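Mind assembling these two chains? They're in different frames, but the hints should get you there.
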Amino acid sequence: MSPRLRWRKFVSGFMLTMTGVCALVAVSVLFFILGYLVYHGGTSINWSFFTKLPKPVGETGGGMANAIVGSAKMLLVASLLGVPIGFLGAIYLAEFSGSKVAFVVRYAADLLNGVPSIVIGIFAYSLVVLPFKHFSTLAGGFALGLMMIPITLRSTEDFLLAVPRALREAAMALGASKWKTIATVIVPAAYRGILTAVLLAFARVAGETAPLLFTALGNRFWSPGWNQPTASLPVAIFNYAVAPYEDWHRQAWAAGLVLLGLILVINIIARAVLARGIAVPRA
Amino acid sequence: MAATTTVPSASPIPGSRSFLKRLREGDEIARLITFLFAVSTVLVTLLLIFELWQDSALARHKFGFQFFFTRVWDPIAEQFGALPFIYGTMVTATVGLVLAVPLGIGAAIFLAELAPARLSDALEFFIDLLAAVPSVIYGLLGVFIVVPLMRDYVQPGLKNTLGFLPLFSGPAYGIGFLTAGIVLAIMVIPYIISVSREVLMSVPRDQREAALSLGSTRWESTWKVVVPFARTGIMGSIFLALARALGETMAVTMVIGNTPTISASLFSPGYSIAAVIANEFTEATGDLYLSALIELGLVLFLLTFLLNGLARLLIVVTSQRGGGTANA
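Line order of the protein sequences matches chains F and U.
Under this note's numbering, the first sequence is numbered contiguously, ending at residue 283.
Under this note's numbering, the second sequence is numbered contiguously, ending at residue 611.
Honestly, I wouldn't trust all of these hints.
[What the hints assert, rightly or not] The calculated lysine to aspartate or glutamate pairs, modelled on DMTMM-like cross-linking and capped at a C-alpha distance of 20 Å, are:
| no. | chain 1 | residue 1 | chain 2 | residue 2 |
| --- | --- | --- | --- | --- |
| 1 | F | Lys133 | U | Glu334 |
| 2 | F | Lys52 | F | Glu246 |
| 3 | F | Lys9 | U | Glu492 |
| 4 | U | Lys304 | F | Glu246 |
| 5 | F | Lys55 | F | Glu246 |
| 6 | F | Lys100 | U | Glu311 |
Because the hints were derived from the structure by calculation, they are not lab data.
As the structure is a prediction and not an experimental result, all values here were calculated from the model.
Okay, chain U solo, but in the shape it has when bound (with noise of 0.2 Å):
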């Protein structure tokens, strides 16, 4: 029995009660009912890929990697491909991320270099509440303040400044890539910030006290010697916000548009992977049908998972960089 090998290192004298009086006192028993409550985590998981591996199996089988470079999705003709969904979801995520990443860190900085303690706490107390406002209420402020903005001042004013590019051309609908595009970025900052807030933070006194006593003034020393330093760290906090941006749902698939389109027009209508799961899921007829659904829904798992998977790990090389070399 590994009884002997697994005492915890809590224990005062390891080893010191015998596997049948631990028995005895019950220990072993809490010990099997907490670990079949920690081992069903690992298989529900385990389930979820399996399951979405198995019910896309048809589609898998049928399209092959063909999926996901056909443009065609008609669930009439039972002719699926992912592509502008693919599309939607890559072009709505990016320019989230160029919205959200300089005004993220931006904010960041300040929170971590320049207010004191108190305010920096407080500010981090609304980021918090921010991060916990659910996708449907930004859905809700995007269909109804959003895209009425969109599509009277900025679609309208972007065309007149910068028309020229093939990016802001096109009618001014409201809805569409670049307004799916914005209310995500307005959700992933908080996810920037409070990431790049920490990591910042966890850089050394003496690398600032460093460049200042070299005669940088405090914005050098933070961009210069503090960012660099902690630079890892907030590629994570990216890739968190980017695994976030591309499987949200209801925030895209309300402001979106949901035309299966490929322009290079930012002010077309789209579509992302989220969003044609959400909307077409329940009516979905025929198994085909579903199962290409099915597997929309497996490339984003390994998407996000693989995101975020470098986020985390990235993070982490930078926290134990900061904690560990002071003297570097």
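Next up, chain F with everything else stripped away, as it sits in the complex (with noise of 0.2 Å):
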């Protein structure tokens, strides 16, 4: 073996090696914040955390039951906003529309998609806050919910696009309506994609913060009804991890280890639902 071949082939092996220490470190990182979580935040999870209010400003204790149930409520407005447009417009554009049409539609998605979630919040401070006067559940639900739209109409669409021709040509020789068809045949086919597309859309936006910052703003009391301001797991993180009280900081990192346990089991869940083989359309 020559000398210039033999520096060709270290060259060849040292460099793929590196590669190999790349991946290694990128997917080393997840291990690295569930053992931070679990290790801060595993001690500081109790029963209180899960059924008490937030203790007044110095005195230890109490919990985030507010912001948990919150997190819930605004997730459902955002859910009930995000899932219906985003599913029947995905079937309109699998189904119905031109390709013009489909076109401006998959171009809104997308660009919305990519809008920046900080300006998000912007804008529904603009459409619900301002002209309702108060930060409110609907608000941050409406923001949340604007979030899920472009990822589930997305993925959606490219499920029932994946429903093989043959069984649309069955139903219809079988003298089904278009909608019929839809309904009874294409869309309990893609059921599986369908279903871990909105699962993925809400794990995305159960995380998301920036948008509720000024929408739905926090509370430290329970937010009766859906037109108050209100407290999310997800902001209470953010203003405990940069309060400078200890215990604060504790319960930060407790409220981190439940936010992202949930979305990280959604996040399986979805990805189980489908049958092995068929990739996940990325949102």
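Printed below as a string of structure tokens:
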């Protein structure tokens, strides 16, 4: 073996090893994050974290029950807004639309998907908070719902288009009308994919903080009804982490662990829902 | 009525049923309802652009283009200049990409070229989970893990070795441009890996085989043939990551230091566009103040809009080339 060849082989081996190191480093970040959250947050999670209101500044203890309920309420509003628009819009794109309308809708959805979440917050502020003169659960849910639309829409459409043509033709040959074909054949055939799309969209907005800062604001107490400032887990993590109190930091870690656990579990379920061998379209 | 022309091709015999029949069977109603939902996506997007434009009118008229070149941000005197925020956004995003791009592309090469399919899919699963971690969690780890690490080890270390550069001078606070950039790098790496991996995997097999049969080593075939072939798509993934980095709010807000300064030193605390909106929006008293913040939002929107558009174009171009030119 000539020295030149030996050198080339050495470079090849070295660089390929380095790519492996890169992959290892990238993946290990996930385990660092999980490890730190479990280490710092695990000891702080107890029953009162889930059931108690925050204590006044200076007192230790208390929990984040209001933030957990607030997050749930806003995610409900978000799903009621984002899922129908995304789902029915995707049916239109996949089954009814001509190519021009479809292009415009897809373009708008991709644009909306790329909008930084803080800008979505500004939009929800101008559209919902200002006219009602209230920071509210509804405004927060609206902002999150907006973010769910493009994710649900684009992946649902991909899954609908993946339903084999033969199924449509079989239904039509039996004399079914188009909407009946869609409702009884196409959507059931694609339901795993659609469920995955919805779950991923849900998980994505569940951790969003920026759009809630000036729509739902935050609240140290319960937020009755839908028209009051509302606490949420992500905003609580932010506020507690940047505050100068040791006990708040502890609770921020606990809330982080709960939030990340929820999001990762939804992600894993979403991917498990899909039958093996079908790729998940990227949101 | 456009009914006959828009009967989709999935119908076995196009145009076989009259409009009235389809109306009775509910097809036209289903079509209309789903159409309304689809179009509402477009309307919402247009409304968003309109609102941003409309609500920033006050600041746009008052300051004009001077807004982008003024350093003063003084809410009390109602003087608003965006330069420190634009600078902070650019610097942190640049630091983030400088760190993330080599690591991300290296990992993508490993996943696409070297790892067996099962290992590659398993690692990709973790990468997807990493992309799902919310930014406030990155911020949390940034505040409590990265900042102390930077303050006690990394920044003093850099100062001792590279301190003669203005980049690495000044006191080590822990927070600042460099820390924000590092957190951003960690956050965008999953996006670079996922997209680059897919683009690399769409490179036709012949390309690799041709290079190997001419006697190149595995690395030479990867670096001199496969990567150049996928270069536009990889650029796309980088633009995508850049758009993410520019718009990222929470993690940056928590570690950048929130001081509107322009400093050559990466150790200096700074501010970014998204961070100033997050911090000051609720306490913005006065219409001009709010309008100036919304104009910052508009700037952010336009930047990410352009970058995302460019990224998508590049990725589409590469995957089409990869699929279509097996004999090239």
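Within 20 Å, alpha carbon to alpha carbon, are Lys304(U) and Glu246(F)?
violated, 70 Å
Is the Cα-Cα distance between Lys133(F) and Glu334(U) 20 Å or less?
holds, 17 Å
Given the hint that Lys9(F) pairs with Glu492(U), test it: the Cα-Cα distance must not exceed 20 Å.
holds, 17 Å
Please verify whether Lys52(F) and Glu246(F) have alpha carbons no more than 20 Å apart.
Holds. Lys52(F) to Glu246(F) sits at ~18 Å (cutoff 20 Å).
For a C-alpha distance cap of 20 Å, please report whether Lys55(F) and Glu246(F) respect it.
Roughly 14 Å separates the two Cα atoms, so the pair holds.
Take a quick look at whether Lys100(F) and Glu311(U) sit within 20 Å of each other, Cα to Cα.
Judged against 20 Å, a Cα distance of about 19 Å means the pair holds.
Violated hint for the displayed structure: number 4, the only one.
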